[in-house]
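Peer 1: With chain A fixed as given, assemble chain B onto it according to the hints.
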Amino acid sequence: MALGNGTFQRTISALVQDKPGVLARISGLFRRRGFNIASLAVGRSERPGMSRMTFVVEGPDEVVRHVAAQLDRLIDVVEVHDITEQNIVWRELALIKVSAPAATRSEVLELANVYRSNVIDIGIESLTLEISGGRQKIDTLIELLKKFGLLEVIRTGRVATLRGTLIEGEDDGLFQADASAPTYILPVPTGETGSV
Amino acid sequence: MSKHLSGSQIVCEALLNEGVDVVFGIPGGAILPLYGVLSEYPDLRHILSRHEQGAAHAADGYARSTGKVGVAFATSGPGATNLVTGLATAMMDSVPMVAITGQVGRTAIGTDAFQEADITGASMPLTKHNYLVMRADDLGATVHEAFHIARTGRSGPVLIDVPKDVFTEMGDYDPEAPIDLPGYRVPGKADESQVEAAAELINQAERPVILAGHGVVLSRSFDELMELAEKAQIPVVTTLLGISSFPEDHVLSTGFPGMHGMAYASLAVDEADLIINFGSRFDDRIIGDALRFSTGSKKIHVDIDPAEINKSIRVEAPVVGNIKDVFGQLIPKVKQATHVGWLQHIEHLKAEHPSLKIPESDRLMGQHVVKALSDVTKGEAIITTGVGQHQMWAAQHYQFKNANSWLSSGGAGTMGYEVPSAIGAQVGNPDKLVWSICGDGGFQMTLMELATVVENKLPVKYAILNNNHLGMITQWQGFFYNGDYQAETYTANPDFVKLAEAYEIKGIRVTRQDDLEAAIAEANAHDGPVVVDCVIEKVDDLYPMIPAGQSVQELIEEPN
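Protein chains in written order, with our numbering: chain A, 29 to 224; chain B, 370 to 929.
This is chain B alone, in the form it adopts within the complex:
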């Protein structure tokens, strides 16, 4: 049944038909016609961000934590370009998002009009697909196509650019119209011969390791991963983004490998005779030197994206399909096994290379903060982070018990992700405890979103690991630039407690290890947002470390 509506109304009705209940955004001239009809659609909750990057990261955090498509609105020109970091972040980590941007009127396009930017051109390499919609009649179908593309296959962000006068133009919308995308196929089950080949390698392996990537999380295959790992007694190493796909208190849990992963995880991957990769793209932070990556192992690569097969690492057994479907095909073919000797060796590696030992110190250190958070919240909070040392300490020292409780910008490495992504996670999970572990650098990139937190009464807890430094930069300048420290110190950080109070947020400062647990408990008990300013050791290097482009042979386990 076709309806005759304005472009703005078509967008809203199509969003509601896609099950959208919340949108993150900021208005501006070109998108005002869309905001002009929002009052007609009270079921479409709009959360006003303070910067478009915040809107995009909030939509991303909402999407990662709920599995639904996150939606962001922005206006033309700078509004749209401010979204771009958020789109790139979602693209690199395959997060389903739809961004709707206003554009200047159709006749003004290409004239360098006020607030004009070619956002479809700019976002082309940073989105899974994008559209410039030139007729209101096309809007409904475009929104439905965009959601289909964003959430299926290898999920990702899709941008829809809408000229101002297309929002106001009347057009026809048929919610039942079929989607026609002849060039888009969604992989489901894998070819049976590929699954057979993979099962045979697993059944023959003596030292197998599962490498669980973000694909396991995105396909919500937690139970299947557990079933396979337990059936054949295979240790599970996750990638950074695969964290929380497997409970870390499980005996088969073997940490995460790579640049700042646990030494025992990197060693297990190196010594394995079979790597079973589920939904990881063999990222350079894991493989380091591709020619020296786990040279003694055969590799199975299960991925929904055929273009990832053999991209970085040549594999013996590619399996292209939806991870969840592939688990279903594979598990019955895998024989029960025990791998006693190999599991004993893994336990030995864990004992010999503890990796997570916190150095003896009277001072408060980043690791202490994360460890205390993990203990007090029993590993059950949703954790978001920015990028840098605090992110790696969070990944290392928080013991995740719940599936899909780790939100971090892995591929893009976007500082500032921590503040708005926690907003999205809290909006999507109003009854869960959300802790954002922040660096003082990243926090200051997006702290204006504290206003969004307050305005929407979101009880997000922020822990700033505040060392007045760009910690990872300091570490790299020390390691690789002969200690020539440049632009690594923040000499004018605000008083974060006073800053929180300026937003009417509860602020707590912690300077001593002994006060940590009480402060975290106090934050948890507070019915509202909290900023905990953790004043940590100024300069502290992060271990273990495999320098970029190197291999496990160059692994530095702890300071000399």
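Next comes chain A alone, as it looks inside the complex:
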């Protein structure tokens, strides 16, 4: 996805072995190859002993298109997919603590409602909202809440998965393929597997 100024954004999903140092290997690779991580989400996967990571990387097209290939060189990385041009759903999550004294509380709640966010904590002078969705939706809510006084904003990285159907949904999290961006095809070598 082109962000302008020659900067491109790519979403990469990796299945990695749950071993000590695996995050250090990956973050070290990103640092020394000059890849800029816009977001990173890590958690246990459905497979025992494996974690799934979702990266959003930004940078010049020539550079970010190599992220998947470089990641695949790491021994602990089992699978890696550059899913930028794929039909994916993705979500981010944010917790927003906003100033909400009696005078403005109802207005804040109304906004929260419209954005389908949940109130997860209420204080005398503040509310904490939980919102999940696409980046734009979260960005917009945060922007709208600014005038009430943001006390704290905590955001997660993006998590993404391939859609289960081939029919494109209308979800705000859908990543539209950018037709102008060249498609990166990771050459898949044939030959023996790592298990011998």
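FYI, nobody ran anything at the bench for these hints, they're computed from the structure.
Here the structure is a predicted model, which means the values were calculated and not measured.
Certain hints may be false.
For the chain B half of the interface with chain A, some residues (derived, Cβ under 8 Å), not all of them [claimed, not checked]:
1. Thr489
2. Gly490
3. Met493
4. Pro494
5. His498
6. Ile518
7. Leu550
8. Pro551
9. Gly552
10. Tyr553
11. Pro675
12. Ala676
13. Lys680
Note that CB positions come from ideal geometry on N, CA and C, so glycine has one too.
Peer 2: Same frame as chain A, now just chain B:
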């Protein structure tokens, strides 16, 4: 059949099961338990280095010259950190190595204990993979995994860090246990459609050039390279590390291009309409300015590492696979061709841009030494070098006839590689003649390994191209820093002949061109190591030269 053994015994048995017969290393506190069992394993020959960097480069030289995995031992802390230059050297040039380091005891890890260093953290970017093994039960499988990773795919160094009390812990070792590396795939044959596309480009090309890189050497595809080149009559340019993948007395041999390569090689690459790259990563010393590199050509890039495709140069036809397998797939699809006009043009380029003309001089020059070495040894010695002017003169003026007879630190550019790498090459090739071409700078970085040479009765011959200067530094300060010479002169070099004699090594000094061949013949005839101190012209620039980041348009063929 599982065995119950100490961690140290597991390491030794696993090494023997991997076919290891020699290890280069130095003991220290944390690795002493491993040395404590070496006497039980007499088939595991240990060669005591004088510095861990020497152990690593010797293992590297052994690996490059034999194709086997080189093995180095070092202790924790400074022992391990001293290995790092050797690991980086092997990593940059994809040399298969396994380094085993001692670590402080498990409970002391992370406490800043005596001689503790986080070597797995430090070596992470400089190894293909590394391990910290926390249980003796895991040691055997780890050693076997490490060798599998080191020698397969794009080969490289692997480090195994073992806490002292894991060496002494009892554990189970099953040599037959399968390796489980779900994230590691070894490319074999390439996708047939990629090979088809490459063959079509070759069959259509009018001015093709083969660029043979280190991948040809590492995959031992010398015969296949020859078969393809001769079948379609394609000139062969090698990279610096591809030298000795193709005999240089062959009519299709067209030198090496780039920063200090032959002008005709750089021009051939520039004028080609197709570059067929086998196992080179389009290094910056070859391409210079990527935007102006051989703009008129299409490019085929055959590489075992998918991450190298389109990294530096965009290519029309990527082929991912083992080079040897790809040759096998490709050769039947390539039609016989003659390319008469193009080959005539290459001959014309060689005549017009001789590149290797040695300037007229009564003085002894580096080029004279290499030329004489090449003549006297008939191009049949194994040559190792350090880094700098002497390395480039060696690459230019030694006419390599035997496959895989050139060992040089290409990617990392490690000065000091020349002394210990020759030890590894001689240990791996006891019946071959090994000449190390040294700079006086690099020689002094690792000369303590002369003791290792003597101790192991290795008949290595060292030729020091001694100009009391860091020659390449002098040249660059002259070219690019307005002649502001700083820290480029060595005013206190030892008497290298006396130094050799202090080690009981035969020392010969040569100061005149006329004495060269006799001195080299004398060294060859001597049954033991020799240091030949060649006192060469103090300041002499190296040509041809394409300044860094430039292109063939800025090529400087000879002095103004």
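Peer 1: The structure should be examined with respect to each hint, and the outcome stated for every one.
Peer 2: Hint by hint, here is what the structure shows:
1. A hinted interface residue such as Thr489/B counts as satisfied when its beta carbon comes closer than 8 Å to some beta carbon of chain A; here the least separation is about 7 Å, so the hint holds.
2. Here the hint on Gly490/B is kept, as its CB sits about 7 Å from the closest CB of chain A, short of 8 Å.
3. For Met493/B, the suggested interface contact is upheld, since its CB lies about 6 Å from the closest CB of chain A, less than 8 Å.
4. At about 6 Å, the closest approach between the beta carbon of Pro494/B and any beta carbon in chain A falls short of 8 Å, and the interface hint on this residue holds.
5. A distance limit of 8 Å between C-beta atoms decides the matter here; for His498/B the minimum to chain A is near 5 Å, and the interface restraint holds.
6. Given the 8 Å rule on beta carbons, the hint for Ile518/B holds: about 6 Å separates it from the nearest Cβ of chain A.
7. Among the interface hints, the one on Leu550/B holds; its C-beta lies about 4 Å from the nearest C-beta in chain A, closer than the 8 Å criterion.
8. Hint status for Pro551/B: holds, given a least beta-carbon distance of 5 Å to chain A, under 8 Å.
9. Hint status for Gly552/B relative to chain A: holds, with the closest Cβ pair at about 4 Å, below 8 Å.
10. At a threshold of 8 Å, the smallest CB-CB gap from Tyr553/B to chain A is about 3 Å, leaving the interface hint in force.
11. Look at Pro675/B: its Cβ gets to within about 5 Å of chain A, closer than 8 Å, so that hint holds up.
12. The beta carbon of Ala676/B comes within 4 Å of a beta carbon in chain A, closer than 8 Å, and the hint placing it at the interface holds.
13. The beta carbon of Lys680/B comes within 6 Å of a beta carbon in chain A, closer than 8 Å, and the hint placing it at the interface holds.
The structure is consistent with each of the numbered hints, conforming to all of them.
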